[in-house]
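Could you fit the two chains together into a complex? Lean on the hints.
Chain by chain, the residues run as shown.
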Amino acid sequence: MRFACPFLEGEDMTRTFRNSRTALLFILPALLLILMFVFLPIVLNLYNSLFRWNSFEVGRAFVGLEYYGRLFKDPIFFTALKNNSLYAVISLLFQVGGGLVIAAILEDKLIRRFQPFFRTVFFIPSVVSIAVVGLLWQLLYNPEVGLVNGAMKAIGQSEWARSWLGDSEVAIYAVVAVSQWQYTGYMAMLFILAMQKIPYEYYEASMIDGASKIKTFLFITLPQIKEMILVGTVITVIGAFKVFDEVYIMTNGGPGRSTEVLGTMLYRAAFRNDEMGYASTIGTVIFVITLTLSLVQLKLGKSGQEV
Amino acid sequence: MEPLVNTEKVAEFRSSRVNLTLVKNRLFQFVVFIWFSVFALLIIYPIIWLALSGLKSNSDFFLNTWSLPKEWLWSNYKAAWDAGIGKFFLNSVLVTLVSVMAVLLLGSMAAFGLSRFHFKGQNLVLVLILSGLMLAPQVSLIPLFKLLQGLGLYNTYWALILPYVAFQLPFAIFLMRSYFLSIPRELEESAIIDGCNSWKVYWHIIIPMGKPIIASCALLAGMNVWNEFMFALVFVEDSALRTIPVGLMNLRSQLNTNFGIQLAGLAISALPMIIAYILFQKQFVRGLSAGSVKG
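Here the protein sequences line up with chains H and P, keeping their order.
Oh and the first sequence: position 2 is 2 in our numbering, straight run, nothing missing.
Oh and the second sequence: position 200 is 200 in our numbering, straight run, nothing missing.
One chain only, chain P, in its complex shape (with noise of 0.2 Å):
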């Protein structure tokens, strides 16, 4: 007699059906792969394309744009460091790191007094402070540029790095304050009744704790303001102050035929960056993480 349902048939069913679902995820996989990996190679080569056009002639260059260097000619590299590309590097590298610091310690202590203390005119403070973070610094460009002027500060690295630090601050201050509202107090409250004053208790306490989102303000605010170019464009006028950015603009102008050094030139200024990137991904995640939640 007929099974009432054939079993065999069931399963020889069941398992066509799987492999159909299992045909169709990898051939999505399999697409999905290739589509993907082209635009990879469209974003990434033009930057590839840059550090090895850096190794080239300037013959080499123009005959061969696709290929690899015929000859790798690192002294291209040498070149533009010594055509300025060096001297603006260490500028920007000071500037950077003093902006940096001055965001970290003015920054964390800002938060520090907006998460572990409460007071009259405490939230007025707090949205001064965070709608700073909507403003477009054109709207600034002209009275800043009047207002260090005024100042005597015109064409020194205080004309960068002022503004910078106050610029960088809002965002810093909101990464900061949110994590430390998150830190519990339980630890403070010991320390407070072992008689540590409040100064103690940020430096021993909330800064150690507080790490983590520390490099990551450091990450993102060292980022901005090594790739800042408008400032850097009207606030400082002497070619020694310059910042790479701007310092880049003028080996364009210098060394309008020479493109191997000029894209030496680029590729130095770009890499740190990328490095920084890739080493620290982690952090500048979770800056973009916690940042991005509110804007």
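One chain only, chain H, in its complex shape (with noise of 0.2 Å):
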């Protein structure tokens, strides 16, 4: 029988109808562009960061680690650190916390025919652009017509109401309140996923042994999705130091300098400031914190044994 053993078969066929030539042929356009675009970007922001330069001009000078002493004595540079933070513990409680107490009570049996509704409003928001999310919220949020200050008067608590985006106080957790409406149905979606594909078995047992749904959640749902729950713990703590467009559309980095964000900080200095130098450097300081991130992602998880 000719596919008696297909597998066997396969690597035969493969070693002698098909060569690294003909491979390479599939995969060099796809690797050209992603080196050209992706990965010599991050080698030339390196370089950049050492010299200073503007756009206009053709001429730079090579200034060494000058701007990377310059950053860590910016007061803005540690601002935009701590908004980010803020921005990732906030979103680690809403997101993975609450998308994880959505998942489970979603997948539990008594609501799971509510399911298909619920996940599909929860999910909405997050396939609209974030530019749409931020020019939306800055009306909700505008002190005059915005339903915010609305709702706060109409549950009578008008004294709650203000210019949510013009006080340097609560302006930081406006913008961030913002992502969390937008994404923590979309972190509960992955959370379902990965609950889904539990064995229904591992829950007969629990129910036979009489655990309550909580411990059921504790000690059979959250063990059984451990890897799901890193993945989406990293991908939301990236995604709180790459935060970039929300801020900018919202607040631009004000009132004063108040909501400014690494993202913000290195366009500021880029695009309105000119000083390419100094922006580069901000460019490596995320980098730096993003790849860390990720290693973190593949030393705990299995991620990076599958490839």
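Just so you know, the hints here were simulated from the structure itself, not pulled from any lab data.
Misleading hints may appear alongside valid ones.
[Stated by the list, open to error] If we take Cβ atoms under 8 Å as the criterion, some of the chain H residues that face chain P in the derived model are:
| no. | residue |
| --- | --- |
| 1 | Ser20 |
| 2 | Phe26 |
| 3 | Tyr68 |
| 4 | Leu71 |
| 5 | Phe114 |
| 6 | Trp181 |
| 7 | Leu190 |
| 8 | Leu193 |
| 9 | Met195 |
| 10 | Ile198 |
| 11 | Phe271 |
| 12 | Met276 |
| 13 | Thr290 |
[To be verified] DSBU-like mimics (lysine-lysine), calculated; alpha carbons at most 35 Å apart, straight line:
| no. | chain 1 | residue 1 | chain 2 | residue 2 |
| --- | --- | --- | --- | --- |
| 14 | P | Lys87 | H | Lys213 |
| 15 | H | Lys109 | P | Lys78 |
| 16 | H | Lys197 | P | Lys211 |
| 17 | H | Lys226 | H | Lys213 |
| 18 | H | Lys109 | P | Lys24 |
| 19 | H | Lys226 | P | Lys24 |
| 20 | P | Lys70 | H | Lys109 |
| 21 | P | Lys211 | H | Lys213 |
We put the CB at the ideal spot given by N, CA and C, even for glycine.
Quick look at the structure:
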């Protein structure tokens, strides 16, 4: 029989009929694009950060690590780091923590028949562009016409009403809240998908043992989806350090510089102040942070072994 | 004589326990249903409000923020389209279509090469491509800006398309490669025996068999490209080439007092993705599910 052992046959075929030159022809176009537009810029960024240069003049002056020294003395840099960290902590709480609880409840057998409706609705904001969401919430936060203040008045708490994005004490929380509104349903969806891969027998066993819902969640669901929780945590924290669109659109770092994050700080340095070298050092910091987090994920998870 | 066990009482006790669990279950369902409905309302209301307020006149918007439009001004949507949204929308359609086609073609070719061949350095290539998944686009922003200027592509559609394709490829290759690995090899083997070359195997077997994952990739890449903001803000200067997310910013400064038209513009740009998601939920979810396993 020709296909008695398809796997071995396949290996054999691969060797005889295809060679690495053909393989490279298939891979090369994608690989070249990725090398040129994803990897080369990262190397260039490191190099760029060692020079004083701007976008119009041709010449550039070597300054070594001067900009890095300046960055670590820049108070705005620490404001930005603080805001990015705040973004990370709140997002972990709402998107990972809240997403887990929502997913677990929607997967409960008593609730499951409502699941399609709720998970669809909760997911919708995440398919809308951040630009639309940012501009929409800017209006919702508007002190005169916004729904947020309207809602505060409606529940009889008009003293809570304020200019949400214009008050440097609360503006960053207002911006972070929008991301929670947008992405908690997305995380919940990822957790639901992971929970659906847990074999049903596990739940049956715990039911026979008479375990409560909470215990079942803690001792069966959580350990079974820990890989997804790790991935979700890393995506969320990396996302918090990559944040740009919503801050740029809603507050552009203001009022004052109170909502500045690394992304908006980089943009301002590069395209407002035309200090390309200084902006590149901020790029390097973002690179180091995201790379470290990805390595942590590879180290802790099984992800690396698969590839 | 009294029976040792009062069966009637046991039955009563049992049924009361059953009733109790039933009541508890009902109560649990009810509480969750109310609680999640409030959530759902918080999430969906702003979007509905956006679409409805886009139909209001400015005075209606200011005076009756919460109520339905007094007069349904469909002309706002027309006005927003004419104020520039139309042009931005078409730019977005063009950039998204070209980028997605390129991602699907180049991505499926690379995934085929990585799943069906064995060659030296294969793992290196794979790791290289997949590590592209982790990189923050901010890091590349300034070098790409200079690079695109150097190539003479700055302020053209290509300044958006090429980076978009490069940044979407790693995830698409990751998804398609794992799917292609699960396609049984028997079909190709008989095709090879019949004299098909690799290109024919790719085109006539792998692509048709891989349709489900290709559809998922198309949706996810399409959504990311359609919504992308930062590159679109920096790599294109000419407002005639702007895509919708950045175009909306222009509209905000242009029409800063006419909220009805602004909101209509927002609704026009949000709608295609919401409709695509609701229509093709299965493909969306498949992509997320396949992609989330290993991040």
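Going down the list of hints, with the structure as the test:
{"no.": "1", "hint": "Ser20", "result": "holds (3 Å)"}
{"no.": "2", "hint": "Phe26", "result": "holds (3 Å)"}
{"no.": "3", "hint": "Tyr68", "result": "violated (15 Å)"}
{"no.": "4", "hint": "Leu71", "result": "violated (15 Å)"}
{"no.": "5", "hint": "Phe114", "result": "holds (7 Å)"}
{"no.": "6", "hint": "Trp181", "result": "holds (7 Å)"}
{"no.": "7", "hint": "Leu190", "result": "holds (5 Å)"}
{"no.": "8", "hint": "Leu193", "result": "holds (4 Å)"}
{"no.": "9", "hint": "Met195", "result": "violated (11 Å)"}
{"no.": "10", "hint": "Ile198", "result": "violated (13 Å)"}
{"no.": "11", "hint": "Phe271", "result": "holds (7 Å)"}
{"no.": "12", "hint": "Met276", "result": "holds (6 Å)"}
{"no.": "13", "hint": "Thr290", "result": "holds (5 Å)"}
{"no.": "14", "hint": "P:Lys87 to H:Lys213", "result": "violated (54 Å)"}
{"no.": "15", "hint": "H:Lys109 to P:Lys78", "result": "violated (47 Å)"}
{"no.": "16", "hint": "H:Lys197 to P:Lys211", "result": "holds (23 Å)"}
{"no.": "17", "hint": "H:Lys226 to H:Lys213", "result": "holds (18 Å)"}
{"no.": "18", "hint": "H:Lys109 to P:Lys24", "result": "holds (14 Å)"}
{"no.": "19", "hint": "H:Lys226 to P:Lys24", "result": "holds (30 Å)"}
{"no.": "20", "hint": "P:Lys70 to H:Lys109", "result": "violated (44 Å)"}
{"no.": "21", "hint": "P:Lys211 to H:Lys213", "result": "violated (40 Å)"}
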